[in-house]
Amino acid sequence: MMQQVCAIAWVTWKAAFRFRLFLVVSVLLLGAVVGLPLLIKDDGTARGFTQILLTYTLGLISALLGLSTLWLACGTLARDIEECQMQVVAVKPIARWQIWLGKWLGIVSLNAALLGLSGLSVYVLLEWRATRLPADQQKVLSNEVLVARGSARPPDRNKEIDDATDKVLRERLKKTQLNTGDLPEVRKQIREQIKADYQIIPPGYYRPWTIDLGLAHHFLRDQPLFLRIKFNAGAKSDSGTFDGLWRVGVPNRTKLWQSEVMSLAPDTFHEFQIPPNLFDDNGVLTLQFINPNETVLLFPLEDGIEVLYREGGFGLNFARGLGIIFCWMALFAALGLASASFLSFPVAAFCSLGLLAIVLASGTMANAVSEGTIANYDSEKGTKGWTPADVVVIPTFRAILKVISLAKDFSPIDSLSTGRSITWFQLAQAFGQIVLLLGGVFAAFGIIAFNRRELATAQGTQ
Amino acid sequence: MPTALLEPASPQTVATTPKGEVVVSVRGLTKVFKDFWGRPKARAVDNVDFEVRRGEVFGLLGPNGSGKSTTVKLILGLLHATRGHIEVFGHSPSHVPTKSLIGYLPEESYLYRYLNSRETLEFFGNLFELPKQKRQERTEQLLEMVGLSQAHLRAVGEFSKGMQRRIGLAQALINDPALVILDEPTSGLDPIGCREVKDLIKTLAQRGKTVILSSHLLADVEDVCDRVVIYYGGKIQAMGTLRDLLATPDAIRITTPALPRATMERVLELIRKDVAEDKVRIDTPTQNLESYFLDVVQNARRAAAETSGATSGARVAAYLRGSAEEKPAADKILERLTSAQPAPAQPLAESKPVEAVDQGKLEALTKGNEPATPAAKPAAEAQKSAELEKANEKLSSLLGKPK
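One line per chain: the protein sequences are A and B, in this order.
Residue 62 in this note's numbering sits at position 62 of the first sequence, and the numbers go up by one each step.
Just so we're on the same page, this note's numbering is the position in the second sequence counted from 1, plus 1000.
Please keep in mind that the hints were generated in silico from the structure rather than gathered at the bench.
Even glycine gets a Cβ: it sits at the ideal position worked out from N, Cα and C.
Possibly wrong hints are sitting among the right ones.
Okay, derived cross-link-like pairs now, EDC-like style, lysine to aspartate or glutamate, Cα gap no bigger than 20 Å in a straight line [claimed, not checked]:
| # | chain 1 | residue 1 | chain 2 | residue 2 |
| --- | --- | --- | --- | --- |
| 1 | B | K1034 | A | D267 |
| 2 | B | K1034 | A | E454 |
| 3 | A | K195 | A | D267 |
| 4 | A | K195 | A | E371 |
Here are a few chain A residues that face chain B, going by a calculated C-beta distance under 8 Å [what the hints assert, rightly or not]:
| # | residue |
| --- | --- |
| 5 | W13 |
| 6 | K14 |
| 7 | K92 |
If you anchor each label on the Cβ, the simulated ranges turn out as follows [unchecked claim]:
| # | chain 1 | residue 1 | chain 2 | residue 2 | range |
| --- | --- | --- | --- | --- | --- |
| 8 | B | E1051 | A | S405 | 13 to 23 Å |
| 9 | A | V441 | B | H1095 | 20 to 30 Å |
| 10 | B | F1033 | A | S405 | 39 to 49 Å |
I would like the entire structure built from these sequences, with the hints used as guidance.
Encoded structure:
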């Protein structure tokens, strides 16, 4: 069986080479890797350097490979059917699912080669160009980017917030008669208020957080930790920054550390190193932020506070990141082949790209779901409107978002550019969710459609 | 060698019933092509029944669009029947293991244009899960057989139509199939290629292979098929052995060497006692154009230079010849084409009844070796010789002028 599947994969490779697709995509990818950093100059800092060499380059590689994968996947099957080559293949003792699988294997192995080639180029270029940064920036780069770091956050407060929200809502309902249609909006507003209590630091106040480092604390003795923080401000400051002071540790229990007064810009991430051994014996790190400003500051629960620590080297982490990108490509290959299993080449390509556009537009869907309506803002009432279509559209959007999140929740490029660990578990999870689950659904659909298709209705076009 | 076509009083009817294992069974087969909305668009095959038995060369004959290719594609599982039942080796056309017994040459070259001929055969050999050594052996033999050994590194997309048919035929035979389905196999082939394909079909049949041949070329079907169905408008209009279908039951033909006039007169005298004069026709058998062409090529090839295109195919691949056959028909034709010795008279020459008895012609025929009109025959010979020379020159220029 494998001999037949490999023969189909081999012929897919041959097509890619003979039609110079491999050459063109390789040149484009290498052009992106080498050309982009030449076109966009970094600011000489480790962060700017990373932004261009990792974030932009890997993003461009993913986009180029994704499009070429969709194109190739649609073309390799649809054109074989349209040009009637499939008529000669399908009458041989090979099941149609094997033909489909062979095509898929051909495309994903081609992708593996292209991704490996461009990934290696990025890695070599990154290591080489890093040596040209100033010494202090090289240190930042090696500590914060060219590393695989684990992460710990404060505990999730959602349950507490929900409980508190329900309690307040019940009390309000006792006092005031509310229209049942307004309940969701009222609950939402109450929740935002309560959530804000967990996030804001009024002027002259401080907020403590406790972060459990878990089992990682066993190997974090004598290792520096990194705080990655982001906050929003209630008002603008003249300088554009706000002062702040950090204290880490618990008196009589752990070592203590206090930062100098820092001048920090709002709405952006800041990362700084804190000394080792500031957590207690249970691995709990306690930290406080003191707000000396005259403006309220808000640290979002989702990504306001994070502790990062070194887990491993960059090389393997980079390879795992490429592994997740490869999983996406395998999904694109399955999507393209599934479309081509029952559609002609141009229609299949159009449908696949349309589906990709929907995925990219998932932010709009997420907004609609969070607002509970697709209606626009009603300026007269000062609230969002409502349309009858919401009854169908919002649950549909919610379902679509859940499916999309199976693939989209992985963010290898972001993880790599912030020096975060991409664990083997995450890679396995990505493979399971993206390739086996989502790819499997497309494959099952495509194979069934291909199996039922009459292959001799197409007229040869060669 | 005069031939007389007579019309006897009683018609001759010989019914031939095929025997042997049923390889393909088609019952009540109907195929209706529908449009996007499911509305019937064309009834390509309409309630067709036939069986093909092991070892038969079975012809599907009919004009373009009569449903031959649709039937073939239904048998191969490339189309789904609207109604009816098809069994191939006792299984449904979609039964995958059965396909290892089938070789298929489609009506056009549906091969990967970017593969060369060797890669093409390797690829299809892999689909049949042939071991590497056997795959390579068969590839070599098939390339040799179809005359593409010298062009094995050229992409199939660069081939002429004839060369594409040749490589298509080779891929159809890579698995030494028990059932070979050939859709217009001689389309695009030169006369030599046509003859080689037909000889190959005969060789396959001698080995007990079953061949289904779909063609609108009557000569192809007539030369090789044991039984035929004739399609028109998606329906079978006639079916049977060629002998049954082509026999003229109310006429007989007598072919003899040239007879003296007196003998001929006596024979005709006897015949005229039973048959009216206008019912008796007499003529000289002529060889057909294909045989004549092959003679010309044989002469030209004696000193032919190498060609970059397809060469005339060599021996039928050893694994296709098998051991049962001592001297396959394909070998004979290939030997004849490649031999430096003059070829014997063509055995496949057809007689051609032309007209009722002409006394002048009769006189000429009954003279035997003596020229009836001394000036006429050398002139005819000279004309034939000149034509032969002309054709010879033309082919020599195509195949390479001998020095």
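Each hint, compared with the structure:
no. : hint                            : verdict
1   : K1034(B) to D267(A)             : 61 Å, violated
2   : K1034(B) to E454(A)             : 12 Å, holds
3   : K195(A) to D267(A)              : 18 Å, holds
4   : K195(A) to E371(A)              : 17 Å, holds
5   : W13                             : 11 Å, violated
6   : K14                             : 6 Å, holds
7   : K92                             : 4 Å, holds
8   : E1051(B) to S405(A): 13 to 23 Å : 59 Å, violated
9   : V441(A) to H1095(B): 20 to 30 Å : 28 Å, holds
10  : F1033(B) to S405(A): 39 to 49 Å : 44 Å, holds
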